[in-house]
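Undergrad: Take a look at the letters that make up each chain.
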Amino acid sequence: MEIKEIAELTGGKLFGGNDGIEILRVGALDTARENEISFVEKAETFQITDASCLLVPENFDAKLPCSYIEVKAPKLAFAKLAEVLHQTAKKSGVHPTAQIHESAVIGQGVYVGAFVGIGANSVIGDGTQVFDGVKIADRVNIGADCWIYPNAVLYENISIGDRVKLHAGTVIGADGFGFVRDGEHGYVKFPQIGTVTIEDDVEIGANSCVDRGSLGATRIGTGTKIDNQVQIAHNVQIGKRVIIAAQTGISGSTVIEDDCVIGGQVGIGDHATVKSGAVIGSQAGVLPRKIVRAGVWLGTPVQPLDEYKRQNAHVKGIVRLKEEIKELKKRVEGVARKQK
Amino acid sequence: MEIKEIAELTGGKLFGGNDGIEILRVGALDTARENEISFVEKAETFQITDASCLLVPENFDAKLPCSYIEVKAPKLAFAKLAEVLHQTAKKSGVHPTAQIHESAVIGQGVYVGAFVGIGANSVIGDGTQVFDGVKIADRVNIGADCWIYPNAVLYENISIGDRVKLHAGTVIGADGFGFVRDGEHGYVKFPQIGTVTIEDDVEIGANSCVDRGSLGATRIGTGTKIDNQVQIAHNVQIGKRVIIAAQTGISGSTVIEDDCVIGGQVGIGDHATVKSGAVIGSQAGVLPRKIVRAGVWLGTPVQPLDEYKRQNAHVKGIVRLKEEIKELKKRVEGVARKQK
Amino acid sequence: MEIKEIAELTGGKLFGGNDGIEILRVGALDTARENEISFVEKAETFQITDASCLLVPENFDAKLPCSYIEVKAPKLAFAKLAEVLHQTAKKSGVHPTAQIHESAVIGQGVYVGAFVGIGANSVIGDGTQVFDGVKIADRVNIGADCWIYPNAVLYENISIGDRVKLHAGTVIGADGFGFVRDGEHGYVKFPQIGTVTIEDDVEIGANSCVDRGSLGATRIGTGTKIDNQVQIAHNVQIGKRVIIAAQTGISGSTVIEDDCVIGGQVGIGDHATVKSGAVIGSQAGVLPRKIVRAGVWLGTPVQPLDEYKRQNAHVKGIVRLKEEIKELKKRVEGVARKQK
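Residue numbers (this note's numbering), protein chains in the order written: chain A, 3 to 342; chain B, 3 to 342; chain C, 3 to 342.
You may find that some hints are simply not true.
The list makes no distinction among identical chains, and a pair is therefore deemed to hold if it is satisfied within one copy or across any two copies.
[Said to hold, decoys possible] Below 25 Å or equal to it, Euclidean Cα-Cα: the simulated SDA-like pairs (lysine to any residue) are:
hint: 1; residue 1: K92; residue 2: F181
hint: 2; residue 1: K6; residue 2: V190
hint: 3; residue 1: K332; residue 2: T199
hint: 4; residue 1: K74; residue 2: S94
hint: 5; residue 1: K311; residue 2: R295
hint: 6; residue 1: K331; residue 2: D184
hint: 7; residue 1: K77; residue 2: G18
hint: 8; residue 1: K242; residue 2: R291
hint: 9; residue 1: K340; residue 2: E329
hint: 10; residue 1: K77; residue 2: D32
hint: 11; residue 1: K328; residue 2: A338
Keep in mind the hints are simulated off the structure, nothing from the lab.
Isolated chain A (complex conformation) (with noise of 0.2 Å):
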C-alpha cells in the first residue's frame, strides 16, 4: 500500500513526500526498516527509527526523517492499518480426516481442519475457520468468520457470536462447578445444565475456561476480549467491551457490567457485581456479594485507589507510629520527674 493511500485510509494529513514508496509492514519504531511503517504515541518519546513511514499525533514537532501523517490517535490508526496490511489468508474446504455429523451444517467459505470433530444438529457460519483438533459437541451454533484455534474444545448446547476468536486449548461449556453436601457421604452434583451465550467480536485467550450455567446461561458481551488461563464460572454475566487480563477467575453468578477492565490474577468471589467502568488491579480480591462500583479499585478485599494507597502509607508509616509513642513516654515521664 502507498504512504498516500494510508494517509486516505486513516483520514491524516500527510507530511514529507514520498508518498509513493510501498509500505508493507508495520514494525515497531526502533526495528522498522525500509517499507514498514510505525508510529509515534507522544513526540516526547520519539528515537529515531529506518521506518519508511510514521503515525504521529496532531501538532507534532519533531524533524523527522521519512514520511509522516499527523492522526488523532496514532496508536489506533496503526492498529487499524495493521489489520489491514497483515490481513491472515482465510482457508476454505474440509479437511478430508474431520469428522462431521451428518446434520451439522457448514456454511460458505468454511475451513475445517484436520482432525476436528462437529456434532450433531451443529452449525458453523460462512467463513469461520475450525482449526485442527477442535472439538465441536452437539448443537453448537457458532456465527460468521470466527476463528478456533487448534484443540479448543466446545461442549455441547453453546451458541458463539461473529467475529469470534477462541485461542488454543480454550474451553467453553464445560461443567460449573457445583455440589451439595450429602453428610458422610460426601458430595452430590448440583445440575450444570445450562448453557454458555458468547456474543460477537469476543476473544478468548489460550487455555481459559468459560463453564455452562448450572441452570441458566453464562454469558460474554459483545466486543469483550479476555487473556489466557482466565476462569469464568457458572452462570457468570459479563456485559460488552470489558478487559479481563491474565489468571484472573470469576466465581458462580457474579455480573460484570460494560467497559470494565480487570487485570491480571484478580479472584471475583461469587454473586459480585461490578459497575459499569470499574477497573480493578491485578491481584485484586473481590469478595463474595460484593458490588463494585466505577473506578479504581485496588487490593484483597478490594478497595478504591486512594484508600489503599492511604492505608499503605499507613502501614508503613507503623515505624514512624512507634518512635513517636517511645518519644511521647519521655516527654511524659520528664513532665512528670518535673512535678515532684
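Fit chains B and C to the supplied structure of chain A, relying on the hints for placement.
TA: This is chains B and C only, laid out in the frame that chain A set:
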C-alpha cells in the same frame, strides 16, 4: 416422572394435589416453567414461580401456587433428582479413527470417540466414556463408568478409579517440577518417574493438572472434587471428599486431609499439612511445611479467621492511632506549659 | 548397572563392599528396596533404608546397612544417575494418521505420533519426539532431541532449540493480549504478528502459555525451566537458567535476567525488569516498570525479605501500640490531675 413418583423417590411429603402432573426437567426458581421442578432452601427467600412443583424444607408455611414436596434437605434432594431426570445418555462403541494398542483392554459398553489414542497395556473399565481427542498413554488403568472429556491427556502409569470425571484439557501425570542446580551449568532434572492414583468418584475440572510423583505417587482420594485450572504438584496427597476451587495450586508433597474445603486461587507451599476439616479462603497462601489445623483460615500467610479479621480491623485503625498520638502530644504540651 | 560402575560414573568413593550388586532403579530413601539406589543429603536426616546402595555426602559418618558412595553433591549425583538408569526409550517413525505438509522437513530418528499436524515449511530436528495430537502450524522450526507431549499447540513462525520439553496442553505463540480502545466502538486488536524463540534445554510445564511478540519476539533463554499453567505474555524476555513455578504470570515486555528464581502464583506487571539473581517468593506481585534487584523479594507489591518481615512484625504489633497509647493517656491524665 409424575409428581407422586418424585415424592416417593425423595422420601418427602406431598402437598397441593395435581400429583399426576409430569415433571420433565429441573429449573431455577425464577425461570422454571410448567412441567419443571425447582426448590426453595429457606421459606423467607421464596419468590413467585411458574414451576409445576417445588421441593421445600419441612414445615414450610408459605402459600404456594403449585404442588410442593417437603423434604429434609431440598437442595440435596433437587440435585439427586436432577441426576435422575437429566441422565446423559451413554454412547458405546469405538470410533473407527481411534488408535488403540492391540494390548489395551476395552471393557463392555465403553465409548471411544474420534482421534482418541490408547497406549499399550492400558485398561478402560466397563461403561467408561472416552471422548474425542483424548490421549491415553501406556499402562493407564481407568475404572468403570468414567467420563473423560475431549482432549484430556493421561501420561503413562496412571491409575483412575470408578465414576471419575476428567474435564476437557486436563493433564494427568505430566512430570513434576523438580530440578537440582549444577553450578554454572544450570539445572539437572530430578527424576519424575512416579505415578498418579485417582480414587473413585473424583471430578477434575477443565485444564487442571495433576503431576506424577517424582519417586512415589501423587494421590487424590475418593469423592474429592477439583475445579478448573487447578495445579496439583508431584507427590501431593489429597484425602477423601475434599473441595478445591479454581486456579488453586498445591506444591510438592503437601498433604490435604479428608473433608477440607479450599477456595479459589489459594497457594499452598510444599510439604505443608492441611488437617481434616480445615477451610481455607480464596487467595490465601500457606507457607511450606506449615500445619493448618481444622477451622477457617484466610490471608497470606494464612491466619485463623478471627485473627485475620482482628488484624484487618487494626490496620484500618492505624489512622485513628495516628490521630490519638497527635492529640496526646498536644495534651502533654499543654500540661508541660502549665508547669512553667 | 553395578555399584562399582556407579561409583565410577559419579566420581565418588565407595564404601561397604557388595560392589557387584546390580542397581536397577532409583528410589526414595523410605521406600527403596533391593537393587535400588537412593541418596542422603545430610547425615542428620538419615533414616533406615532397604536400598542396596546410597549416595551420601563426603565424610558421612553414620553407620549404614548397605553400600554407599560418598560424593560432593548427593542429590545432584542421584539426579544425573537417574537420567542414565531411567532413560525413556525413544520411538521413531511417523504414524500413518499424522498430517505432515509436503514442504515440512522431518529429521532422522524422529517420532511423529497419531493425529499430529505439521504445517508448511516446518522443520523437526533429529531425534525429536512429537506425541499424539500435537498441532504444529506453518514455519515452525524445532531442534533436535525435543519432547513435545500430547495435544501441545505451536502457532506459526516459532523457533524451538534442542532438547526442549513442552508438556501436554502447552500453547506456544498464541496472540498477545493487546488492544487499543476505539471510543464507543470498543477495542481494535494491536497487531500480534511477532514470533517466539525458545532456546536449548528449556522445559515448559503442562497447560502453560507463551504468547508471540506483538511486533518483536518473546524469548526464553537456554536452560530455563517453567512449571505448569504459567503465562508468559508477548515480548517477554527471559534469560538463561531461570526457574518459574506454577501459575505465575509475566506481563508484556517484562525482562527476567539470568539465574532468577520465581515462585508460584507470582504476578509481574508489564515492562518490569527482574535483575540477575533475584528470587521472588510465591504469590508476590511486581508493579509495572518496577526494577527488582538481586536478593530475595516477597509480598505485593514486592519488598526485600527483611523489610517484608519487619513490616509484618509491625502490623502484628499494632495491638501493642494501641495498648501503649491507652496507658500513656492514663499516665498523662494522672500527671495533669496532680497539677490541679
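Undergrad: Run every hint past the structure and note whether it holds.
TA: To see whether the hints hold, each was checked on the structure:
1. In the homo-oligomer, the alpha carbons of K92 and F181 lie at most 25 Å apart only across protomers (22 Å), although the nearest pairing inside one protomer, at 44 Å, exceeds that limit.
2. Taking CA atoms no more than 25 Å apart as the test, K6 paired with V190 passes between copies only; the shortest distance there is 23 Å, against 66 Å inside one copy.
3. In this assembly of identical chains, K332 and T199 lie within 25 Å of each other by CA distance neither inside one copy nor across copies; the values are 68 Å within and 64 Å between.
4. Proximity of K74 and S94 under a CA criterion of 25 Å is satisfied in neither setting, with 38 Å inside one chain copy and 58 Å between copies.
5. Taking identical chains as interchangeable, the C-alpha atoms of K311 and R295 lie at most 25 Å apart whether they share a chain (18 Å) or sit on different chains (23 Å).
6. For the homomeric pair K331 and D184, neither the shortest alpha-carbon distance inside one copy (59 Å) nor that between copies (55 Å) is at most 25 Å.
7. Only within a single protomer do K77 and G18 lie at most 25 Å apart by alpha-carbon distance; the minimum there is 20 Å, versus 66 Å between protomers.
8. In this assembly of identical chains, the alpha carbons of K242 and R291 lie at most 25 Å apart only when taken from the same copy (21 Å versus 30 Å across copies).
9. Proximity of K340 and E329 under a CA criterion of 25 Å is satisfied in both settings, with 17 Å inside one chain copy and 20 Å between copies.
10. Only within a single protomer do K77 and D32 lie at most 25 Å apart by alpha-carbon distance; the minimum there is 15 Å, versus 46 Å between protomers.
11. For a Cα distance limit of 25 Å, the shortest separation of K328 from A338 qualifies both inside one copy, at 15 Å, and across copies, at 17 Å.
When held up to the earlier numbered hints, the structure conflicts with 3, 4 and 6 and fits the remainder.
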